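S.K.: Starting from the known structure of chain A, fit chain B onto it as the hints suggest.
Spelled out from the first residue to the last, the chains are:
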Amino acid sequence: MDLREPPLRDTHDDAGAQFTDFGGWEMPVEFDSIRTEHAAVRESVGKFDVSHMGEIAVSGPDATALLNRLTTNDVAALDPGEAQYAAITDADGIMLDDTVVYNLPAGADAEYLFVPNAGHDGEMYERWVAHREEWGLDATVENRTTAYAIIAVQGPDAPDLLGGVTDVDLADMARFDISAGDVAGVDSLVARTGYTGEHGFELLCPWDDAETVWSALECQPCGLGARDTLRLEMGFLLSGQDFHPEDNPRTPYEADIGFVVKLDTEFVGRDALEGISVEGHESELVGLTLVDRGVPRHGYDVTTPDGDHLGTVTSGTMSPTLGEAIALAYLPVEYAEPDRSVRVVIRGEPKKARTTATPFLS
Amino acid sequence: MSFEIPDDLRYLASHEWVRQQDGTVRVGISDFAQDELGDVVFVELPDEGDEFDAEESFGVVESIKAVSDIYAPVGGTVTATNEQLLDEPELVNDDPYGEGWMIELETDADLDDLLSPDEYREQIA
Numbered sequence: 057m058d059l060r061e062p063p064l065r066d067t068h069d070d071a072g073a074q075f076t077d078f079g080g081w082e083m084p085v086e087f088d089s090i091r092t093e094h095a096a097v098r099e100s101v102g103k104f105d106v107s108h109m110g111e112i113a114v115s116g117p118d119a120t121a122l123l124n125r126l127t128t129n130d131v132a133a134l135d136p137g138e139a140q141y142a143a144i145t146d147a148d149g150i151m152l153d154d155t156v157v158y159n160l161p162a163g164a165d166a167e168y169l170f171v172p173n174a175g176h177d178g179e180m181y182e183r184w185v186a187h188r189e190e191w192g193l194d195a196t197v198e199n200r201t202t203a204y205a206i207i208a209v210q211g212p213d214a215p216d217l218l219g220g221v222t223d224v225d226l227a228d229m230a231r232f233d234i235s236a237g238d239v240a241g242v243d244s245l246v247a248r249t250g251y252t253g254e255h256g257f258e259l260l261c262p263w264d265d266a267e268t269v270w271s272a273l274e275c276q277p278c279g280l281g282a283r284d285t286l287r288l289e290m291g292f293l294l295s296g297q298d299f300h301p302e303d304n305p306r307t308p309y310e311a312d313i314g315f316v317v318k319l320d321t322e323f324v325g326r327d328a329l330e331g332i333s334v335e336g337h338e339s340e341l342v343g344l345t346l347v348d349r350g351v352p353r354h355g356y357d358v359t360t361p362d363g364d365h366l367g368t369v370t371s372g373t374m375s376p377t378l379g380e381a382i383a384l385a386y387l388p389v390e391y392a393e394p395d396r397s398v399r400v401v402i403r404g405e406p407k408k409a410r411t412t413a414t415p416f417l418s
Numbered sequence: 046m047s048f049e050i051p052d053d054l055r056y057l058a059s060h061e062w063v064r065q066q067d068g069t070v071r072v073g074i075s076d077f078a079q080d081e082l083g084d085v086v087f088v089e090l091p092d093e094g095d096e097f098d099a100e101e102s103f104g105v106v107e108s109i110k111a112v113s114d115i116y117a118p119v120g121g122t123v124t125a126t127n128e129q130l131l132d133e134p135e136l137v138n139d140d141p142y143g144e145g146w147m148i149e150l151e152t153d154a155d156l157d158d159l160l161s162p163d164e165y166r167e168q169i170a
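Going line by line, the protein sequences match chains A and B. For what it's worth, the working numbering labels the leading residue of the first sequence as 57, then goes sequentially. For what it's worth, the working numbering labels the leading residue of the second sequence as 46, then goes sequentially.
The shape of chain A in the complex, shown without the other chains (with noise of 0.2 Å):
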């Protein structure tokens, strides 16, 4: 199957990104390098084409019941101009997607958009669109994944950069608030989200005129590699990776953010949530910190000091920041306390790690 393309697929080739498939989409991974790339947001600012992420409208009198019985937080609690981070789970309680619910700002030509993860849209659309009609709800739902195009803007210095091509007031925004505004001169949604710990925005602006938003932001292009680094470090969920819903299927409460689980709202998968959140979970996404040397990686098996298999590398990596191995796995939940010695098996050898708070950056 041909990968899908974002709007800046040559722009990134003519920079001499190196791409990879992510989500079915051919999406640059590397332009520098990563470590480059990380330090850039760490240090300054550094851009990022994420609009591989989907995007679904929802509109109607309905619109907000049907989010709030679709996705896990409450919200009827966003104002307009706000969002909120959220699972989308099924009715046992299993993640199938975490996503970010905006509630557009006044005179945005949709009043709810959220944004589930790359490849997972048209399964979202599908998902609303058959609740929509089991419950009789009046809404309008429509995938527009290749009508937006996003742009992460990320640093400390993001404010200052952005600043300086937009109208949008950005000392005024407060994280996960959304604003409509000229940015270079295109129409675009401004909001002050991301996924690398770093003040930053997210630029959401007509597929078609993404080029020029991207090319006005002058600082270093970003890939999916920095990228991944950057979140690990904040201990951030991967979709795919740090839970699936057939191949690592997991609450919320076992991904570690049962803080976006409301149960005085009616949603898909609310009973089963209910039950586990009085019974409690077993296991629980842990922060790892390896003491020995080594990297850790996807599938590596963590394991008590005397061997015995407590659970499996979700995410690991080499933190540019900390200069140290670091890891996310599902352990049990006695291990989620920091300081636990426990093992990773690296090509048969068990290097000595422990277990860490996350984020893992302060």
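Mixed in with the good hints, there may be bad ones.
[Said to hold, decoys possible] Covered by chain B, according to a simulated footprint, are these stretches of chain A (three or more residues, beta-carbon under 8 Å):
1. 89 to 98
2. 346 to 356
3. 370 to 379
If you're looking for bench data, these hints aren't it; they were derived computationally from the structure. Note that the structure is predicted; figures quoted are calculated from it, not measured. Just so it is clear, CB atoms sit at the ideal spot from N, CA and C, and this is done for glycine as well.
M.R.: For chain B alone, coordinates are given in the frame of chain A:
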């Protein structure tokens, strides 16, 4: 992109280089290989005295995004390892033919059986 391929070395199809020295050979990975790997963050090397056959894996080099075995271009006994790489694995990126070398081997193998610089250039073209 053009890669540095010194004319005084011999190469393996798996991107290791080998340099004839007095009594031993020195081994590392090529400029092309380090570029393909990206930022090298970890190198696992053998102990002095370990013996390897030609094309046998003697260690591992890991970048942020990939793990690769490194192969002995010729059979022999390890006489030295580059301990500096344990603390500064990025030397493999910065200076693959110099400070980023990996091991030295005592060998009686004939390096002429390996890829010449031109043959290696052709391979990565």
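S.K.: For every hint, state whether the structure bears it out.
M.R.: Hints versus structure:
no., hint, in the structure
1, 89 to 98, "holds (count 3)"
2, 346 to 356, "holds (count 4)"
3, 370 to 379, "holds (count 3)"
Figure legend: structure checked against the earlier numbered hints; every hint is met.
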